[in-house]
Amino acid sequence: MNTESNAVPDSSLHARDMAPAVERATRPFYWSVRRELWENRAIYIAPLAGAGVFLFGFMISLGRLPGKMRALSAISEAQQYDVITMHYHVAAGLMMAIGLVVGVFYSLEALHGERRDRSILFWKSLPVSDVTTVLSKATIPLMVLPLLTVALTVALQFIMLLLSSAVLAGHGMSVATYWTQVSLLQMSLGLFYHLFTVHVLLHAPFYCWFLLVSAWARRAAFLWAFLPPIAIGFVEKIAFNTSYFAEMLLSQLSGGSEAVPMAGRMPIDPGMQFTPGHFLLSPGLWIGLAVAAAFLAGAVRLRHSREPI
Amino acid sequence: MACIEARGLRKAFGANVALDGVNLRVEEGRILGIIGPNGAGKTTALNAVLGLTPYQGELRVLGRDPWTERDRLMRDVCFISDVAVLPRWIRVSQLLEYAAGVHPRFDRAKAEGFLAKTTIHRSSKVRELSKGMVAQLHLAVVMAIDARLLVLDEPTLGLDILYRKQFYDSLLNDYYDRSRTIVVTTHQVEEIQNVLTDVMFMDRGRIVFGCSMEELESRYVEVTVNPEQLAAARGLKPFHERQALGRSVFLFDSVAREQLAGLGEARTPSIADLFVAVVGNNTGKSAANSAAAPKGAVR
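First to last, the sequence lines map onto chains L and P. Just so it is clear: in the first sequence, position 54 is 54 by our numbering, and no numbers are missing. Quick note, our numbering runs 1000 ahead of the 1-based positions in the second sequence.
No wet-lab data here; the hints were simulated from the structure. For glycine and all other residues, C-beta sits at the position ideal for the given N, C-alpha and C. Hints may contain errors.
[Unchecked claim] Okay, the calculated beta carbon distance ranges per label pair:
hint, chain 1, residue 1, chain 2, residue 2, range
1, L, PHE158, P, ARG1127, 31 to 41 Å
2, L, SER243, P, ARG1122, 33 to 43 Å
3, P, LYS1117, L, LEU280, 42 to 52 Å
4, P, ARG1127, L, GLY172, 17 to 27 Å
5, L, PRO229, P, GLN1193, 55 to 65 Å
6, L, LEU37, P, SER1179, 30 to 40 Å
7, P, LYS1117, L, THR139, 53 to 63 Å
8, L, LEU37, P, LYS1117, 22 to 32 Å
9, L, LEU280, P, SER1179, 51 to 61 Å
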């Protein structure tokens, strides 16, 4: 018997043969992640829709491209770069922003929704451990979304490059200047590095906190997730007139100037330096990951003991 | 090895005691019905058995501690804890695919076979199905799992009579094979009377009665007593007395049928009547204690 034989649109990713024995081999983690993608289609629909909308706007802007390219000779090389790559930066920024928003909402809902609709009673009737479940849910914002963001952004930028080239060629203009400024490989590598270091490693404690809250809260998970950190910041400000907590959160969110030197530039700029050694040595990274692990452990314990709402 | 073995099982929600020292032993191959009023602790007891809730006391299910080994235990145990816990967004085909992907003992072909007898489409989402169809779907998934213990907590709640009948019929015909154990709670007592091998009454967190169906049939006799023989009947110490259509109906425990035959119309009581006699009203309360004595498969 082959589980993939049925015509489910998105089931053809992996083919798997199963032994006819009574105890078949199972892959609970893989199927738990698949399950999340079935339930939360926004994970891929939202970025796809965002990319589509952006592409629509970009195609309209292509009408101005030939004129813009003609005017380029009058300005310096650095300005040329900014003019040409602006849309590519906006595209990457948009895809990352969508990934962040989807990740936050997904994490806050992940362990809350199944208790609210009581389906947790069904999931728990199957031999899937709480650890597997929680880890599969953490995989979505920490693995699936960043990889999807990279893949979609690269695809989007590639389409943008093709369309622009076609428009320029159609006007009998050379695409050489355009191509030298837009380096897809460089942009993709920069994006991947930024997503992996900042959106995955540095943001991990935030997503794990959201998962913990969603496993704990009976209602209003969103408020429980955001109000306590804000309250801590306020109390610190009032009591000690300092803002270390807020600064710490912000530096972890933005990637911190030490860890990922960007100096206000977009992470996909060619001028950006990768400093993985520096990054790996920053204490913020490791403290953050330890906190993330603690939050996840808490979420597993809560998944074990919490009952349907 | 007993399928379920509990000693001194206790569980309290704040000041509210849901399980008050439950001792229970269910042998393999039995079909046990747990009957009790709302809030008697049935669901709490089953949740403890399924590893869904922590408890005090000793509990082994198939030799395992359900609270710490739930995921391992669920290879051998399956349950329908309530109607309508199937996720509403899932498609029937996805449900089968997922179950096959995570459960080593799930036989997808078997589930497809059960579904073929229904009008459920593979491409439907659970939210598009009627309540009865959801119950059919859940049962099809559960019956396709080669488990040793099946726990059903009000599996037919809210279903119409046809679906309820069908539910227990397929359970008996297509699933039960004397090596599996089934534990079921329900309010529709009369519907499962012929299905059970054992019955147990719970009230206020305690097991107040338990015996096998054979024992129930041999020990308990219900007699619609002729008016002129009321005194004679009372002399045989019935443990419950009620009025039905203007006549007195007495329940006797361990009184020879020959002795009762002359008093009126004698028959085996239904579980519902016995339940009312043992648990139902406060007048039966003192008698309930004496009725709680039988030594059945379930104590």
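For each hint, the structure was consulted:
1. For the hinted restraint 31 to 41 Å between PHE158 (chain L) and ARG1127 (chain P), the CB-CB distance of approximately 38 Å keeps it satisfied.
2. Our hint of 33 to 43 Å for SER243 (chain L) and ARG1122 (chain P) is violated, since their Cβ atoms are close to 57 Å apart.
3. The hint said 42 to 52 Å for the Cβ distance between LYS1117 (chain P) and LEU280 (chain L), and at roughly 60 Å that hint is violated.
4. For the pair ARG1127 (chain P) and GLY172 (chain L), the supplied restraint of 17 to 27 Å is violated, since their beta-carbon distance comes to about 57 Å.
5. Between PRO229 (chain L) and GLN1193 (chain P) the C-beta distance comes to about 58 Å, which sits within the given range of 55 to 65 Å.
6. Checked against the hint of 30 to 40 Å, the C-beta distance between LEU37 (chain L) and SER1179 (chain P) comes to roughly 38 Å, which is consistent with it.
7. Evaluation of the 53 to 63 Å hint for LYS1117 (chain P) and THR139 (chain L) yields a failure: the beta carbon distance comes to about 38 Å.
8. Between LEU37 (chain L) and LYS1117 (chain P) the beta carbon distance is about 31 Å. The supplied range of 22 to 32 Å therefore holds.
9. The supplied range of 51 to 61 Å is met by LEU280 (chain L) and SER1179 (chain P), whose beta-carbon atoms lie about 57 Å from each other.
Violated hints for the displayed structure, listed by number in ascending order: 2, 3, 4, 7.
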